[in-house]
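Chemist: Guided by the hints, dock chain B onto chain A, whose structure is given.
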Amino acid sequence: MSTSTVPAPAHHDPAAEFLDRRSPLERARGVLHRYPALSPAIVLVLSVVVFGFLNDRFWAPGNLSLITQQVAVVGTLAVAQTLVILTAGIDLSVGSLMVLASMVMAQAASTMGLPPYLALGLGLLVGLVAGGLNGALVTRFKLPPFIATLGTLNIFLAITLLYSRGATVRGADMPALMTWTGTTFPVGGVRVSTGVLLMLGAYLLVALTLSRTAWGKHVYAVGDDKDAARLSGISVNRVLLSVYLSAGAILALAAWIQIGRANAASPNVGVDMNLDSITAVVIGGTSLFGGRGTVWGTLLGALIVGVFRNGLSLAGLDVLYQTLAVGVLVIVAVSLDQWIRKVRK
Amino acid sequence: MTTTDATTATDSNDVSRATPVLQARGLVKTFGRVVGLDGVDLELFPGEVLAIIGDNGAGKSTLIKCLTGAEIPDEGEILVDGKPVHFKRPQDARAAGIETVYQTLAVAPSLDIASNLFLGREVRRKGFLGSVLRITDRAGMRERARRELRELGISTLQDVTVPVENLSGGQRQAVAVARAAAFGSKVVVLDEPTAALGVRESGQVLELVRTLRDKGVPVIIISHNMPHVFEIADRIHVQRLGRCAATITPKSHSMTDAVAIMTGAAEA
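Just so you know, the protein sequences line up as chains A and B, in that order.
Be aware that the first sequence starts at 1, since it is given in this note's numbering, and climbs by one per residue.
Be aware that the second sequence starts at 1001, since it is given in this note's numbering, and climbs by one per residue.
There's no promise every hint is true.
[To be verified] Just some of the chain B residues that point at chain A, by a computed CB distance under 10 Å:
no., residue
1, Pro-1090
2, Leu-1105
3, Asn-1166
Simulated from the structure, these hints should not be mistaken for laboratory data.
The beta carbon of each residue, even a glycine, is placed where N, CA and C say it ideally should be.
Bound-form chain A, shown alone (with noise of 0.2 Å):
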């Protein structure tokens, strides 16, 4: 018997098949399916071209610099929400672990006179710690992350409370460096904070682990289907862990580029930011079902979240509308997912 000549006639071979009677919005929907980038970088792209249209302050280097400059901390925060979301889980607490971290980072430095680099390392440590926490919580509890992560996002909300008394820490009372991510250097006329250099790096890091190291392989293959990664021998709890301890560290980089686009150290200011991070990873394309998307996207739609609000702005809207919009693309990205993933059959 022949073996290797089995699929005789192309009619007969159900990939085939499959490709000849696809209509061009099939075609369509298969290469967003394969990219999951390029829709976002069709709607940033589409964007930044009609609100330059509707505003000229819209390409003006002061604006393009303001723009970069507030999607840093959500940027960052995105990062570390774009690893948890594809291992199919979601993390509520990155806002408030993000102020702990700048809190403690910020009172080591200013009222306990620790050096700065000891401070950063303290709020680094809390990161890992938190993180550290919230994979606990999902591995050897087995709580759900929502849930998990929705009582850390309570409890590091208050440990920053008690901690700070509620004090906000001025960036003139801390050492130079703790406020250097928000110094800025111009690039071809446009300003560029250290802050956006130090989140670009975040990018560059964990995309290229995500697609160069094994390590990468398994965080996509859980959340694709964590029983298939166990039987593959890939130690689900341990690969679960070591993302949540990721975000703990990538969040402390966002404490950090938070102290310094604010130029303080504050208690109140970004819990709410996990919300916009989901917004983000989502409207970049990350499936929220886990396993697919990548961090370059998450980059798109922080971007496209910012470009909207900003655009807006300039147009002389109230800012209700933005939110009211920001929402809209998140409906509209999910719908886009939804109708993307049906490429499964």
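Modeler: Relative to chain A, chain B alone:
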């Protein structure tokens, strides 16, 4: 250990044959008051296809789970190449060379074919890039994946960078079987490999099983499909009420006989 003991084989043909690649003796597994396995013996010899058949609840799945590390038997022993082994996890069985293709296939749909073949045993780049930065050798793994698929005669999977979710059921099965068969595995266990497939795709999977056997890899196949079993198997282990009711061959018994033994209507 008394590995040299005369094997208490149920099949007299086997006395002259080599040491079993995989052997189970007196396996017992209970779930509360339910007896899943009640002292099962099983032998798998080099280069053969052994089918396991049995009615629902006869203990086929439990037997396979014990052999592949997914369950730990309460009593009895499992030997690989005549040496006793104690599997606590599926990874242990895998490390001993026993690869399983589960009915659910255990593939990651969004990852491509090459990534799935190497899932859980990725190959890193040589030198600093691999050892310190832990970067995987993507090109090397893709090349090796292509080679493995070619050697197994799976010609329908040309592009190993295609996500598995874009494949048909038969192609996914082929990926799962290829993953189990590649990398020098000692035994391949297939759980209902043709259950979800059409006629033509089933044929391809059976062809794949033959290719494996011809490469010298013994195969255990669990199936409900009698024609498939009788087409592919060298020997058939009939499981009934938690025990091995008989070990027959397609030459010595007919399908009707097999069903009769399976249901208890006849003795072996």
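Chemist: Hints first: check each against the structure and report whether it holds.
Modeler: The hints, checked one at a time:
no. : hint     : result
1   : Pro-1090 : holds, 6 Å
2   : Leu-1105 : holds, 7 Å
3   : Asn-1166 : holds, 7 Å
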